[in-house]
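Chemist: Based on the provided sequences and hints, a complete structural model is requested.
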Amino acid sequence: MKGSAIFALLAATAAAAPFPGAAEEPTKTQPLERRATTVCGQWDSVQTGGYTVYNNLWGRDSGTGSQCLTVNGMSNGLLSWSTTWSWSGGPYSVKSYSNAVASAPAARLSAVSSIPTKWQWGYSGSNLIANVAYDLFTSSNCGTTPQYEIMVWLGALGGAGPISSTGSPIATVNVGGTSWRLYKGAHSGMTVFSFVAAGGNIMNYSGDLNGFVKYLTSSQGMPASQCLYSAGGGTEPFTGSNAKFTTTGYSLSISAGGSGGGGGGGGGGGACAARFAQCGGQGWTGPTCCTEGTCTRTNEWYSQCS
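Take the sequence shown: its letters are residues -16 to -1, 1 to 290, numbered as in mature numbering (1 follows the signal peptide of the UniProt record, and there is no 0).
Calculated directly from the structure, the hints in this document are not laboratory data.
Watch out, some of these pointers could steer you wrong.
[Said to hold, decoys possible] Distance condition first, Cα-Cα at most 25 Å in a straight line; then the derived SDA-like pairs of lysine to any residue:
1. Lys168 to Lys228
2. Lys228 to Gly73
3. Lys102 to Asn56
Keep in mind the model is a prediction, meaning the values are calculated, not measured.
Modeler: Following this line, the structure appears as structure tokens:
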């Protein structure tokens, strides 16, 4: 994989904190109707078919540009959406993470039996530097302050590289019949594991993400007592112009036994938060459970019941 060490160290994820003032913008979460829904705001999102699809321009202040998200809806159990963007400046900084997060209760890793997923995607544009990756977050208490992040890179365009403390893989492993280079690093207080497809971009993927989890708990010291509370997939752009990321089919679900944590965990503030209310984030002292839906992480500073 190409890319300088500094590029790898600065390949931030959706877990990274937004720039000052970002959280002051209103957040729109719109239920999807039959027609396609397009949103362009920094924290806008669209709900459909058990997923929340986020525009999530968390790093936009590191460059200049714009991005919009169009969600087409569900067909034959698969989600379809596209993201258009143009970004310049800040070549080593991620500008956004347009992604689809599955609605599922939090669960201990030891109780997770499978995380089946399918993903067909494509990319077009000029001078693209971006990735296409799954992103899973875990914590010890099923809350929304992550301790571990697991990324599975299906695509690395233009030399994009993962977070790494050394710039080199710590192992090459076979998961689901595919070879992956494993990188390890730290970011925002988390341990970050990134599996990057060794054979190049995988644009039509079908597999079980639990294979990556099981490898980490058995071979890399990740505690099986950790609680998986967020799982999704999307794209992180650095720079490029007239880009269009298209997902023609996407599905992700989590199967677990009865030992998982609740939807977002218990927390301060007594009663659980109402739907669409804040339920977590760094410095948050209010409730971290939801009366309806699941506490879904937008970024390090903000989580919402959805």
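Chemist: Within a Cα-Cα threshold of 25 Å, do Lys102 and Asn56 meet the stated pairing?
Modeler: Measuring from Cα to Cα gives roughly 17 Å; hence the hint holds.
Chemist: Sort out whether Gly73 lies within 25 Å of Lys228, counting only the CA atoms.
Modeler: With Cα atoms ~19 Å apart, Lys228 and Gly73 stay inside 25 Å; holds.
Chemist: Holds or violated: Lys168 and Lys228, Cα atoms, limit 25 Å.
Modeler: Roughly 29 Å separates the two Cα atoms, so the pair is violated.
Checked against the numbered hints given earlier, this structure breaks only hint 1.
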